[in-house]
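*Asks:* Residues per chain are reported as follows:
2 protein chains.
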Amino acid sequence: MQKAMRGTRLTLGRHIVAEMYGCDRRYLSDPQLMEELLIEAARKAELTIVASKTHNFIPGVTSLVIVGESHLAIHTWPEYGYAALDVFVCGSKDPWKAYNVVYEKLKPERVKVTELKRGVITVPRKSRDTTDNIVIREPIIPSSHSG
Amino acid sequence: MQKAMRGTRLTLGRHIVAEMYGCDRRYLSDPQLMEELLIEAARKAELTIVASKTHNFIPGVTSLVIVGESHLAIHTWPEYGYAALDVFVCGSKDPWKAYNVVYEKLKPERVKVTELKRGVITVPRKSRDTTDNIVIREPIIPSSHSG
Numbered sequence: 001m002q003k004a005m006r007g008t009r010l011t012l013g014r015h016i017v018a019e020m021y022g023c024d025r026r027y028l029s030d031p032q033l034m035e036e037l038l039i040e041a042a043r044k045a046e047l048t049i050v051a052s053k054t055h056n057f058i059p060g061v062t063s064l065v066i067v068g069e070s071h072l073a074i075h076t077w078p079e080y081g082y083a084a085l086d087v088f089v090c091g092s093k094d095p096w097k098a099y100n101v102v103y104e105k106l107k108p109e110r111v112k113v114t115e116l117k118r119g120v121i122t123v124p125r126k127s128r129d130t131t132d133n134i135v136i137r138e139p140i141i142p143s144s145h146s147g
Numbered sequence: 001m002q003k004a005m006r007g008t009r010l011t012l013g014r015h016i017v018a019e020m021y022g023c024d025r026r027y028l029s030d031p032q033l034m035e036e037l038l039i040e041a042a043r044k045a046e047l048t049i050v051a052s053k054t055h056n057f058i059p060g061v062t063s064l065v066i067v068g069e070s071h072l073a074i075h076t077w078p079e080y081g082y083a084a085l086d087v088f089v090c091g092s093k094d095p096w097k098a099y100n101v102v103y104e105k106l107k108p109e110r111v112k113v114t115e116l117k118r119g120v121i122t123v124p125r126k127s128r129d130t131t132d133n134i135v136i137r138e139p140i141i142p143s144s145h146s147g
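Chains as they are written, first to last, in this note's numbering: chain A, 1 to 147; chain B, 1 to 147.
None of these hints come from the bench; they were simulated from the model. Hints are supplied without guarantee of correctness; some may be wrong.
Repeated chains share a single entry, so a pair holds when one copy, or any two copies, can fit it.
In silico lysine-lysine, BS3-like type, Cα no more than 27 Å apart, as pairs [what the hints assert, rightly or not]:
(1) K105 with K117
(2) K97 with K107
(3) K112 with K44
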C-alpha cells in the first residue's frame, strides 16, 4: 500500500485573538493613545504599515491598522476595562511581538489569548519541505489605494 | 449551602472567523469589488458604516470596514482561491447576515467558520436576566475621527 501524495501543507497567516480584561483604563478611552499603541506594536513586529483608522465612540475606541502582512485591530470598552485585540499577520513576521507591546502597555489583569491558523492550504509537493510551513509572501507592495 | 452570587454574564461581541477556500477568483484580486462587497455585507447586517480602507497587493486585496458595532475585514490570496473573512459585531446586530452576503458572492467550495464570543464579562446581577446576554450598546456615535 502506498500513501497518496497529498502535497505540502502551508499556513498563510497567523491570527492572535486576545481578550484583555482589567486593562489600564486611561488608555482605553483615548483614541490617540490607542492608535499610537497599535502602530508601535506593528513597528516592533517589523510589519509594513500601510494605513490606519481610529474612531472614538462613547465610550470606547476602535483602531485598525492595515499592514502589508494583514491587519491589527483593537476595540475597547473602558467601562468594563476590556479590550479586544486582533493581530493577523501573514508571511514570516511574528504576531506575538505586536501582542506583547499591547500587553505591556494595557497591563491587563487577565487575558485569554489564542493563535488561529488562517488559510491552511495544500499545494503540490515540490521539495522535501516539511508540512505546516508558513508561506512567505514578501515584500508585499501596495499597488493602489481606495476607500 | 448557598451558591455565591456571581452576577450576570454578558457577551460584548460576536466574532465570525471564516476560512473560505475555492472562491470565485474574479473577486479576490479586485479591490473595488471586495470593498463594495464588505460594505454591502455591513449594510445587509444593518451595521453603521463609519470608514473603510482597501488596499490592493500583488496579488490579493485587504479591505477593512469600521462599523459602529466593530469591524469587518477580508484578506484574499487569489493565487490560492482563498479569502480570510472576519466579522466582529457588538450589540444586537447579527454578524451572520454579513457573512452570508460574502459567502453568496465568493461562492467558496469549502468553508471553515467559527463564531467566537468576545468580551465575556460578569456584572453585578440587577435583575432576573439569564446569563449569556448580549450587551446592547446602541446607538454608537462616532465622536471624533483621526488617522
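*Asks:* With reference to the structure, classify each hint as holding or not holding.
*Replies:* Verification of the hints:
When the C-alpha separation of K105 and K117 is checked against a cutoff of 27 Å, the pair qualifies both within a copy, at 26 Å, and between copies, at 24 Å. In this assembly of identical chains, the alpha carbons of K97 and K107 lie at most 27 Å apart only when taken from the same copy (15 Å versus 35 Å across copies). Proximity of K112 to K44 under the C-alpha cut-off of 27 Å is restricted to the intra-copy arrangement: shortest distance 22 Å within a copy versus 31 Å between copies.
The earlier numbered hints are all upheld by this structure, with none contradicted.
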